[in-house]
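Chemist: Sequence:
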Amino acid sequence: MQRRELLKFLALSGVLSTLPQPLAAAARRRTFIEARPGQLGFTPVPVPVPVPPQMRELSRFELPDALTLPPEYTYDVVCSWGERVFIDPSERFGYNNDFTAFIPLKADDSEGLLWVNHEYISAKPWLDTYSAVIGQSLPGVSALQQGNPLAETDKLRLAREVLVDQGGSILHLRRDSGGRYRVVPRSKYNRRISGISGLEVPGQRLVADGPAVEIFERGGDGLGRQIVGTFANCSGGVTPWGTILSCEENYQNQVGEKVGADGVPVGTSSAFASDNFPDNAAAHLGLQANKYGWVVEIDPSDPDAPALKHTALGRFRHENVAIRAQEGKSLVCYMGDDRTGGHTYKYVSRKPYRARARTNRELLADGTLYVARYNPDGTGQWLALIPETPVNPPNPEQLAGGILRLPQRGDTGSATGGVDTPEQVARFKQRFRTLGDLYTSQGAILIDAFLAANAVGGTPTARPEDLEVHPGDGSVFIAFTSGAKSPEGGPDTRIFTTASRTDNKIDSPPHGAIYRLAEVGDADARDFTWSAFATSGELASGGKGFANPDNLCFDGQYNLWICSDIGNQNQPVPERANASDTATSGLFGSNTLWFLPTEGALAGVAYPFATAPSESELTGPCFTADGRTLFLAVQHPGEQGGWRQGSALKPETRYQLLSADGKRTFVQTRQVPVGSNFPDPDGKGPPRPSVIAIRSRP
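For what it's worth, my numbering labels the leading residue of the sequence shown as 14, then goes sequentially.
Simulated from the structure, these hints should not be mistaken for lab results.
As the structure is a computational prediction, the values presented were derived from the model and not from experiment.
All C-beta atoms in this analysis are idealised placements derived from N, C-alpha and C, irrespective of residue type, glycine included.
Careful: at least some of the hints might be erroneous.
Claimed, not checked - Pair ranges (Cβ atoms, derived):
#, residue 1, residue 2, range
1, Leu169, Gly191, 44 to 50 Å
2, Val197, Pro694, 33 to 39 Å
3, Lys663, Glu588, 48 to 54 Å
4, Lys342, Thr542, 17 to 23 Å
5, Pro84, Gly485, 27 to 33 Å
6, Arg195, Glu75, 28 to 34 Å
7, Leu169, Ser144, 14 to 20 Å
8, Pro65, Glu230, 53 to 59 Å
Please take these sequences and the hints and turn them into a complete structure.
Modeler: Given below as structure tokens:
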């Protein structure tokens, strides 16, 4: 492996422990934050709740429609939705950018390829701004905005446009003398892989490998292992050989999720209508449902290489992939299923990783997928999702919401059923002894990984989103975003103490936590230990000051960076005692990027580094290897209010917050924008999801 590839591996896949020590030590000195011992290195940005170092109790707070950074830093907009930077002038940069990854083309990081995921479209701002941004009219806008039925002639183009703006983009970047990255227009590297790639041009289709291919080849679309497009692309990862792993998350919004014992879709809906727009666009176009929900590998440096869906890694609502690669040992991938009651998984390749092997890509096609079972005593086991594994579902009475979804076999075909008593679980175990009694093949098990994991006793968790491997010790940090329950299930309340047991559990709201998992032995071990590393919530109640941790990343000094995902943003909480547990997320204000040292005198304290524009989320943090730049995606600005008009504000709202010492409460009033104009510096333009590059001020 060349030195440039080693640096790329270090910066993007976070496996520092596998590198030669001199290079590892040199890389560790690179840091985005220049701090002296005991000093933070930047001025924290204002947030509404009391947090270190000042712990201010603010009676009034104004939420700006802007990206707020410490005064020591500035940012540049790299690319925004709708920009035409590709060779084909009809292609545009997609919507709701999420995961970013920088692949350097030069050793000094002055030039490189930036991969960007495009997860979904936000209906209101997308419809409000499409014409102004794209420069074309969109059929059916009036019907959608008024909730009227869509004309059949409009549905086809609407469905295509919804999927065009999903998938991913590759951008060729160069850094100028001032330190600013700019897109190289119409570079041979610039390209889109969208939700409809290959729909009309067969050469643009994706392909699949692994155990599910034999099921695809019997599918109804006639394409075999070939696949049209990728969508719902949330987070991802980078392989040691320099390719991108893009993860399909909420695919169930576009195609059906349910499959039968043979892995073939059942009960797929194709309703594409005003009342659920933009859902079911892919189903409306006839895309085969079981071909979505996978990890997709893309080679950004080879425009001719087809994107590859690795079915050995399982089909579920993938957030990201965190890789551990040790010379001569199995390649290991850690993943999370982002749903209430979702699982954490580990994939272990059958063959060992070799740094110079040309066949490493094949490691992701041949291996075993495991699900984590967490024990209340801080231990755990990895359970193989293979036909021989015994059926042993958890007790639903230990789960928030009290229900467990299981594969249901019977006269109805293969619908998803739920159990809510130990007696029902016992009957299920008597009828089905192993996964082989529930599924006809290994491929079918992997296609239905969530229900298969429930069946063997994987622990339902608190919405696992990002997982990252610690660069020094190889432990795995997991962002469990929310302990709330849903009809799909809920987390084990013995393991996830912030799980919501009732609708009004104010003393322990489900704002999530970051856990740390350590293998007992090598990364391919079957046993692990776990512990809570950082809990969400106000400091006075035992939290770290943030809520709903989502994306994570480490910098060169092992500092942890945390993006929050407060879905119910800035809803008033005038009286805590009468507020529902999900509404209390409004206490924390705008989504925020947090800086949390893991070593030194400041270890364990979270500091706010950046706050997001109105109604947006900060996602996909990614550092260049030289530590000079932090790429960040600003997703769905104006998601609720759309295009902000005339600096519009909501009526002043009230929030009851805990005091800094936790002995009382105080009331804060806030000014909250309606909609957004980000990234327009004049505060008038349409809201556009954008990728930015943060750097130190000169």
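Chemist: All the hints need checking, so say for each whether the structure fits it.
Modeler: These are the hints, each one checked on the structure:
no.: 1; hint: Leu169 <-> Gly191: 44 to 50 Å; verdict: 46 Å, holds
no.: 2; hint: Val197 <-> Pro694: 33 to 39 Å; verdict: 23 Å, violated
no.: 3; hint: Lys663 <-> Glu588: 48 to 54 Å; verdict: 19 Å, violated
no.: 4; hint: Lys342 <-> Thr542: 17 to 23 Å; verdict: 20 Å, holds
no.: 5; hint: Pro84 <-> Gly485: 27 to 33 Å; verdict: 31 Å, holds
no.: 6; hint: Arg195 <-> Glu75: 28 to 34 Å; verdict: 33 Å, holds
no.: 7; hint: Leu169 <-> Ser144: 14 to 20 Å; verdict: 19 Å, holds
no.: 8; hint: Pro65 <-> Glu230: 53 to 59 Å; verdict: 57 Å, holds
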